[in-house]
Amino acid sequence: MKNRVLFLFVVLALIATACGAPAPEVIEKEKIVTQEVVVEKEVEVFVTPDPDAAPEPQAGGTLIVGKASEAAGLDPHLVTSASSFEITSQVYNQLIDLSDDYAPIPELAESWENPDDLTFVFTLRQGVLFHNGREMTAEDVVYSFNRIKAEETASPWATQLALIESIEATDTYTVTINLSEPFGAFISTIASSWAVIVPQETVEANGDLQAVMDGTGPFILEEFVESTKTVLVSNPDYFDGAPMIDGITYQIIPDEASRIAALRTGEIQMTAVDNAASAGLAARSEGVSVESLDTTDYYVLGINTAQAPFDDVRVRQAMSLAIDRQALIDSVFFGEGMVSGPIVPTLGEWAVPLDELSYYQPDVEAAKALLAEAGYTEDNPCTFSITAGAKFPQFSSIALVLQSQLKAAGFEVTLDQVEWGTFIQKWINRDFDTFVSYNGSGNDPDRALYPMLVTGGSVNAFEYSNEEVDALLNAARTTVNAEERKTYYHDAAVKISEEAPILFLATRTAYVATSDSVQGFELSSVDTYRGLKDIWLLSE
Amino acid sequence: MKSLYYLVRRNLIGVLGGIMLLGFIMIAIAPNLFSSYDPEEFVGMQFSPPDDVFPMGTDLYGRDIWSRIAHGTRISFQVSFLSVLFAAIVGVVLGMVAGYFGGVSDYIIMRFMDAIFAFPSVLLAIALVAIGGSGIESIILAITIVYVPIFARVARASAMSVREREFVTAAFAAGVGSPRILLVHILPNILSPIIVQMALRLSSAITVEAALSFLGLGAAPPTPTLGSMLSEGRAFMELAPWTVLYPGLALALVILSVNLFGDALRDMLDPRLRGTL
Amino acid sequence: MSSYLLRRILFIFIPSLLGMSILVFVIMHMIPGSFVDVLLGIGTDISEEQIANIEKAYGLDKPLATQYFYWMGNVLRGDLGNSLRTGKPVVGEIISRLPVTLELTLFSVILTLLLAIPAGVISAIRRNDLGDLVARLAALIGLSVPNFLLGTLLILYISLKLPGKLPTTGYAPFSEGIWENIKSMILPSISLALGMSATVMRMTRSSMLEELRQEYVQVARAKGLSERIVVLRHALRNGLIPVITVLGIQIGYLMGGTVIVEELFALPGIGRLALNAIYQRDYPVVQGTVLFISFVFVFMNMLTDLSYSVLDPRIQQED
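Chains as they are written, first to last, in the working numbering: chain C, 184 to 723; chain D, 16 to 292; chain V, -13 to 305.
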């Protein structure tokens, strides 16, 4: 345990130093612990450059990003994967965006009003141009939202806009949206990467936007080379000011070790890094910095509450007591990430402090007691399996650690690693005891909790049903007042932790490694790469 | 005694291979005799380099690599032995029937075999494992299916040549039933190329199993397999090269020993094929 | 000769491919998790009706037999359909990836020929001396190291000892320069070539040994021809015949066998195209690529068989 803490300290220290100013300053001590002997290796230090001599922003240069997988499809209304949205968010704009505190800020919509619970009126910016040269108007907003909802489009996002009853262009730059019922999360819903505005003529000329891109965003698609690279160039007419760099080129490099190697040699200047160990490795390289960010994604142990032994709430509570979430974070993620309640701590004010949640303080004895109450003994242990999709090795890692933690409380747990598509099938058919996965909270607790835990919710694979929770979530959803919604979510979170229908584990940490030539990049938890339009590059 | 000495001397390399193979098999059968730790327990510090306590170091979770290798060889052998055996059985039956009876049954069987044979084997194995789910059974099934056509072809070719031999025509003329002819006359005479083929396929079966595990489709964690150890270690190769070097060495040595032994076996059974594939 | 060819094509080639098409179609649809399932993943808030709507849009709601005949009908007209993921024609995707796999195959074969044949010949000539033993041992090692293991070790070596000298993954297309392109192919080709070389070398050796025992070689020697001419001009020509067949088969295997190396080195070839398509349940892409790869494989096999009979008229054609 002590050694683990030491290791975690080292990694954190490395990352912390790596996140510093343009040139590293601190003396790094690498402790290599071999049993009893501790060997300290001191790594040389560079003198801090005079902060007043910080380089001036300069225009020009192309940012080369190493990307793990190619965007499979580029139509923002049709795609679902992060690898596609990474690109579409540079080319298209939403009506509204969210600040890093999850408060709404204007993007294509300059301002908006909420005259009554069911109506929203958006006033659009004027003079915004699509890449094809035409100005964006209210008609485009109407077209785009209707396209998402239309049956022929077969958009995976249609359900998100189901509550929109009508949408019209009441003026050249004014859009009025009427909802069929009050929906507190409406603004956050349309502040999403799929809710972007597209030009009708381009869609109709090409059938869809899978291969062609035409938006209002800071970058324009220039070239898409299968499996090799995607080239974007800056949009000189971008309404918020043209980007300083000339463009972004995404190189497809699926293997993480290779991406880090490419970063070191200067072949690429930026890449996402999956795990803490690789991030630590990258941070140690000269000329490379790593930034870490707690996202609103969280790891979860999903439980099939409809089948024994999980239909007994005491079993679930015992599970929650048996596991040690912080220890999980320490061993699988080297201490990176935060323990998460039903609402992730990264969602700012929506989150509920851990000490208000039940069954969150690990207590193996109490777990055993609960199990005994539920009728499980040493001769009749509680047995179940944890399913994990092979595509994400960290899921198996988490499952492994949980398995050993649960064992200490008397659970007999087996692991079932399956191919990703097979896992999805099992999830759809509710063919699992428990599974490890991660979930996105999106940008609103409604998105995080409602579809997942409300009775019959579309992603309620856990067959969970509880009247109190339903009532609270529905109330929170239909209230528009933010303060009222907070209290509902607070109560819901507490109730959910008591019920433990699923075990929320920890937030996912995202890492982005950049070479030192990249300046001015701000990592955002809302949309990781939206700061790209504001960066500039140091030339050699 | 003297002839044994000469036998060993002529096939020295084969004998060495056989001994090495025997060694690995013993480790595979009783890994706990040779290694000290539970392969699935986190017993040491993460990524600790090889030392007195952990002769091959520890991996990402602090598990003893040598123990994992010892247990991993068990999977390698289990999967490869069983799949080659099953493939041989099914292939021989199909091939004998096709070769002996000829005609329509020959045509249908062989076209079916051709279809499977033409399917790129790695992709076929991956698809079959995806269907069968994780778990040793489905990997064995996948590799079996991939190898059946080869055994069928060999069996068929041999059966066709044996079919023309006198004792077969005599038996046929005497009114002996086909199944009996197949079992008693044909089968024993096609055994030696089949056994040679089995020895050949064994090493490639081990390779395929390792490849599947490497891609994450092998036996489920925390069960150790040589292939999955390679792919786990790959991400941290530079930090901890022993996580890749030792499993890789073990894999290569296992396959080498099977190859050496297979070569020697082939030399003994069918000298004509000496030195070939 | 040509009627044999015709019979071969009609009765063997085509039925095999037909059987293959059914096999790949059935297998792909037996894998749990449909295309739409994987597309939506878990955690996408979407209604049942919308899911059904999406399935309809992709043509996945029709009965399987109908989908098969629809697909096959198009295949026979040369249209392999469109990728479900990107909407682009499968033929286009294959063509754009083909050069990479071809280049990889070509480099591997060249390396193999350069290494294995001379080694095999020399080994045969200097039978049982040290050089032969070393060569045979090297061949055994080459046979025993799986290509992905060798690839991994090469990557490790390069990144530790010679960082930056060779790209450890990724493909540099010709547009970035011929030399860049070749550099990106070196490690993957070596990984593939070693195993192949071992097989070809052993085949060459044994075949040459066989030839050198033949009467005509004794005759040539008796006639007073130099050893070198005996070997290179006479024995080699016959000795290479079985080697060619082995090579042909190996090349056929390569098309499908490059998958893991392509995956390891992140080369955008056909193998990886198929592999990713399997994971994404992109049925037309998997079916199209597998059909294509098999076509090449069966074609190469046929070619090899035919060339064998052409080169050695003594060979009887069976079946």
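By construction, these hints were calculated from the structure, which means they are not laboratory data.
It should be emphasised that the depicted structure is a prediction, and the values quoted were computed from it without experimental measurement.
Mixed in with the good hints there might be a few duds.
[What the hints assert, rightly or not] Label-pair restraints from in silico Cβ distances:
#1 Lys169/V <-> Ser176/D: 42 to 52 Å
#2 Lys169/V <-> Gly316/C: 37 to 47 Å
#3 Pro75/V <-> Thr184/D: 55 to 65 Å
[Stated by the list, open to error] Sample of chain V residues facing chain D (criterion: CB under 7 Å; computed from the structure):
#4 Ile0
#5 Pro1
#6 Val12
#7 Ile13
#8 His15
#9 Ser20
#10 Leu126
#11 Phe134
#12 Leu148
#13 Ala260
#14 Asn262
#15 Ser280
[Stated by the list, open to error] For lysine to aspartate or glutamate, the following EDC-like pairs were computed, each having C-alpha atoms within a straight-line distance of at most 16 Å:
#16 Lys74/V <-> Glu409/C
#17 Lys678/C <-> Glu450/C
#18 Lys169/V <-> Glu667/C
#19 Lys332/C <-> Glu34/V
#20 Lys169/V <-> Glu41/V
#21 Lys574/C <-> Asp457/C
#22 Lys74/V <-> Asp391/C
#23 Lys716/C <-> Glu409/C
#24 Lys332/C <-> Glu89/V
#25 Lys42/V <-> Glu335/C
We treat Cβ as the ideally placed atom computed from N, Cα and C, and that holds for glycine.
Next item in the hint list is Ala260/V. Is there a CB on chain D closer than 7 Å to its CB?
Given a least distance of 6 Å, the restraint on Ala260/V holds.
For a C-alpha distance cap of 16 Å, please report whether Lys74/V and Glu409/C respect it.
holds (11 Å)
Does the alpha-carbon distance linking Lys169/V and Glu667/C stay inside the 16 Å limit?
This hinted pair is violated, its Cα atoms lying about 63 Å apart.
Sort out whether Glu409/C lies within 16 Å of Lys716/C, counting only the CA atoms.
Violated, at about 24 Å.
Does the beta carbon distance between Lys169/V and Ser176/D stay inside 42 to 52 Å, or does it fall outside?
Given a distance of about 50 Å, which is inside 42 to 52 Å, the answer is holds.
Cut-off 7 Å, beta-carbon criterion: hint that Ile0/V touches chain D
violated (10 Å)
Restraint outcome when Ser280/V is required to lie within 7 Å of chain D by C-beta distance:
holds (4 Å)
Is the interface hint satisfied for Leu148/V? The criterion is a beta-carbon contact with chain D at less than 7 Å.
violated (13 Å)
With 55 to 65 Å as the target window, see if Pro75/V and Thr184/D comply at their CB atoms.
Roughly 57 Å apart at Cβ, these two residues keep to the hinted range, so it holds.
Against chain D, is Phe134/V within 7 Å by beta-carbon distance?
holds (6 Å)
Restraint check, 7 Å cut-off on beta carbons, for Pro1/V near chain D
holds (5 Å)
Distance restraint between Lys169/V and Glu41/V, which requires alpha-carbon spacing of 16 Å or less:
violated (44 Å)
Of the numbered hints listed earlier, those contradicted by the structure are 4, 6, 8, 9, 12, 14, 17, 18, 20, 23, 24.
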